[in-house]
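Asks: All chains, full assembly: derive it from the sequences and hints.
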Amino acid sequence: MSTNGMENWAVDLKDVGAIYPFQGSEVLLVILGLVFWIGWHVIQTRQENAEIAADLAADRSGDETRAAIDRY
Amino acid sequence: MEGNLNALTTVFTEFYYWVTIVMMFLIHVGFCTYEVGVARRRHHLKTLMKNAMAIPLVTITFYFFGWWIYFAFVNGPGIVDGGLIQSNFAEPWSPLMSAHLSGVNPGEVDVTPAEAAYWHRINGVFWGAFLLFSITTASIISGAIIERARSGAFWIVAVLIGSVMWILDASWGWHPQGWMVRLWGYHDAYASGVVHAIAGGAALAFLIVLGPRVGKFRADGTPRDIPPHNVWLVTVGLFLIYTGFWGFYAACNIPIISPEGIAGQITGTTWTATNIYLTPTSLSAITFNFLMSLSGGMMAGYIISKGDPFWTFSMGLCGVISASAGNDLYHPIQAMLIGAVVPCIAYKLHYFVERRFKLDDAVGAVAVHGYGGFMGVVVAGFVLWGVPSSPYEGFAQINPLGNFAGAVVMVLLGFVPTFIVCKILNSFGLLRVPAKVELEGVDFAIHKTFEATVREVMAAEKALVNK
Numbered sequence: 001m002s003t004n005g006m007e008n009w010a011v012d013l014k015d016v017g018a019i020y021p022f023q024g025s026e027v028l029l030v031i032l033g034l035v036f037w038i039g040w041h042v043i044q045t046r047q048e049n050a051e052i053a054a055d056l057a058a059d060r061s062g063d064e065t066r067a068a069i070d071r072y
Numbered sequence: 001m002e003g004n005l006n007a008l009t010t011v012f013t014e015f016y017y018w019v020t021i022v023m024m025f026l027i028h029v030g031f032c033t034y035e036v037g038v039a040r041r042r043h044h045l046k047t048l049m050k051n052a053m054a055i056p057l058v059t060i061t062f063y064f065f066g067w068w069i070y071f072a073f074v075n076g077p078g079i080v081d082g083g084l085i086q087s088n089f090a091e092p093w094s095p096l097m098s099a100h101l102s103g104v105n106p107g108e109v110d111v112t113p114a115e116a117a118y119w120h121r122i123n124g125v126f127w128g129a130f131l132l133f134s135i136t137t138a139s140i141i142s143g144a145i146i147e148r149a150r151s152g153a154f155w156i157v158a159v160l161i162g163s164v165m166w167i168l169d170a171s172w173g174w175h176p177q178g179w180m181v182r183l184w185g186y187h188d189a190y191a192s193g194v195v196h197a198i199a200g201g202a203a204l205a206f207l208i209v210l211g212p213r214v215g216k217f218r219a220d221g222t223p224r225d226i227p228p229h230n231v232w233l234v235t236v237g238l239f240l241i242y243t244g245f246w247g248f249y250a251a252c253n254i255p256i257i258s259p260e261g262i263a264g265q266i267t268g269t270t271w272t273a274t275n276i277y278l279t280p281t282s283l284s285a286i287t288f289n290f291l292m293s294l295s296g297g298m299m300a301g302y303i304i305s306k307g308d309p310f311w312t313f314s315m316g317l318c319g320v321i322s323a324s325a326g327n328d329l330y331h332p333i334q335a336m337l338i339g340a341v342v343p344c345i346a347y348k349l350h351y352f353v354e355r356r357f358k359l360d361d362a363v364g365a366v367a368v369h370g371y372g373g374f375m376g377v378v379v380a381g382f383v384l385w386g387v388p389s390s391p392y393e394g395f396a397q398i399n400p401l402g403n404f405a406g407a408v409v410m411v412l413l414g415f416v417p418t419f420i421v422c423k424i425l426n427s428f429g430l431l432r433v434p435a436k437v438e439l440e441g442v443d444f445a446i447h448k449t450f451e452a453t454v455r456e457v458m459a460a461e462k463a464l465v466n467k
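Chain order of the listed sequences is A and B. For what it's worth, this note's numbering labels the leading residue of the first sequence as 1, then goes sequentially. For what it's worth, this note's numbering labels the leading residue of the second sequence as 1, then goes sequentially.
Some hints here could point you the wrong way.
Partner residues are not named here, just some residues of chain B that face chain A (Cβ under 7 Å, in silico) [to be verified]:
#1 266
#2 272
#3 299
#4 303
#5 306
#6 329
#7 333
#8 384
#9 385
#10 386
#11 387
#12 388
#13 391
Hints in this document: simulated from the structure, not taken from any laboratory. Only a predicted model underlies this, so the values are computations on that prediction, with no experimental measurement involved. Where a beta carbon is used, it is the ideal one built from N, C-alpha and C, also for glycine.
Replies: Here it is in structure tokens:
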């Protein structure tokens, strides 16, 4: 048994379709892919919120901000 | 060449590989850009030249003996039946290693006119494509050792890895008849192990003998971050490497072959593209998987490094590398997930090894190429378990143990010879620049000459203004 159903390559290629492993799990793969994508946005948003909060908390006097403006 | 179809196939194949060579040159533009971006300003020019001169040095040595090694050592020699394979067409004194058309040369034995018509035309571009893999393998090591390694030491290791060791591993595990493919079912279609793991192993050995940059570690042994001097330049370099990798992937394929071209092992009349093992795949398959694994790596890299540009781009590359072993066969979402998970482990390993073993890998080459490549080969052994590794009968099927053993072989083929050579070079004081020179910057003398020249020219021009 192989993970993609091919036992040897002595086949006529016009009779062969998909050759990726674990055929039949496409829906599961798509669900995992969607979870990865949505999860990425959730984590990224949290990280960006924390970063912005840290930026807001920094430089209460405004000196470093003025210096940053001077640097263009 | 007889027959229009044969002629078209040959000329198409010749042009196909030629285009991949041009594209793969971008990998080296990228490596140079990237390394110079990481190096501090006082090390720029030597950093650039250290990497750039690997190109001619590996080229001429790959012409002298590298290409011959690929064909001659397929059996080990002696690991499976037979010794060295006679490979006349790859010997540097052969007329076939030069301008040549389609005929059988006088004195060529066992070469049919049909073989001559195809192979003699393809030899130069096939050599060129493999050469670009060779230069890539050598170049990977260069970035890890910047700012303190002697250029001459790197160039010796570049030839050792680029023109001897990597092509030996390709002969064993990246050739349709390689003994690792026959006995172990080793599968590494786009070179996670045969290019990246060996280069990572070599970089690791070099770093162990070389030691860290001055100032990398605090008195208590904890590491300091030495940021790249120009992150934008680093990311442009990595973008260029991504671009060149399209050529790398295409060059790993045979673009068109008939069932007869695979000795009739594949039945029917359908022509196909194949991977290096002559099993069917397509440019569409690898396009899906290249882009999805790159995306998985970049997205995971962005999160794990909290948006750090250097690591996000590096993890994108690591994503591709970690899926490369099986990217001829994976489903695109499998490639994406592998490309996301493996780089996260490689990233964590990089900092663990840095803290624990005081290893100063300036560009993360061991992580991206070594850990990423090694794990990529191992993962392919599981995901592709039982898939036939070759169209030929009697070859082992792809399996976890075979790929794990193969991945270990790849790392050791890079690590062991590099470690020995670096130890020898170090014993002669030829491995590392003195600490004073490192602090001045390896470009110190060049800069002094430059500044003196500039001052003289400016003074001369100002003198003319006052007249």
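Asks: Now tell me, hint by hint, if it's right for this structure.
Replies: Going through the hints against the structure:
Look at residue 266(B): its Cβ gets to within about 6 Å of chain A, closer than 7 Å, so that hint holds up. Because the beta carbon of residue 272(B) sits about 6 Å from the nearest beta carbon in chain A, less than 7 Å, this interface hint is met. Annotation: residue 299(B) was flagged as interfacial toward chain A, and the flag holds, the nearest CB pair being 5 Å apart, inside 7 Å. A hinted interface residue such as residue 303(B) counts as satisfied when its beta carbon comes closer than 7 Å to some beta carbon of chain A; here the least separation is about 5 Å, so the hint holds.
Interface restraint check: residue 306(B) against chain A, minimum CB-CB distance 6 Å, threshold 7 Å, status holds. This hint holds: residue 329(B) has a C-beta 6 Å from the nearest C-beta of chain A, less than the 7 Å allowed. Interface restraint check for residue 333(B): the shortest CB-CB distance to chain A comes to about 4 Å, inside 7 Å, so the restraint holds. For the restraint placing residue 384(B) at the interface with chain A, the shortest Cβ-Cβ distance is roughly 6 Å, inside the 7 Å limit, so the hint holds.
Interface restraint check for residue 385(B): the shortest CB-CB distance to chain A comes to about 5 Å, inside 7 Å, so the restraint holds. A cut of 7 Å between beta carbons decides the hint on residue 386(B): the least distance to chain A is about 3 Å, and the hint holds. Contact between residue 387(B) and chain A, as hinted, is supported at the beta carbon level, the nearest pair being about 5 Å apart and thus within 7 Å. For residue 388(B), the suggested interface contact is upheld, since its CB lies about 5 Å from the closest CB of chain A, less than 7 Å.
Interface restraint check: residue 391(B) against chain A, minimum CB-CB distance 4 Å, threshold 7 Å, status holds.
The structure meets every hint from the earlier list without exception.
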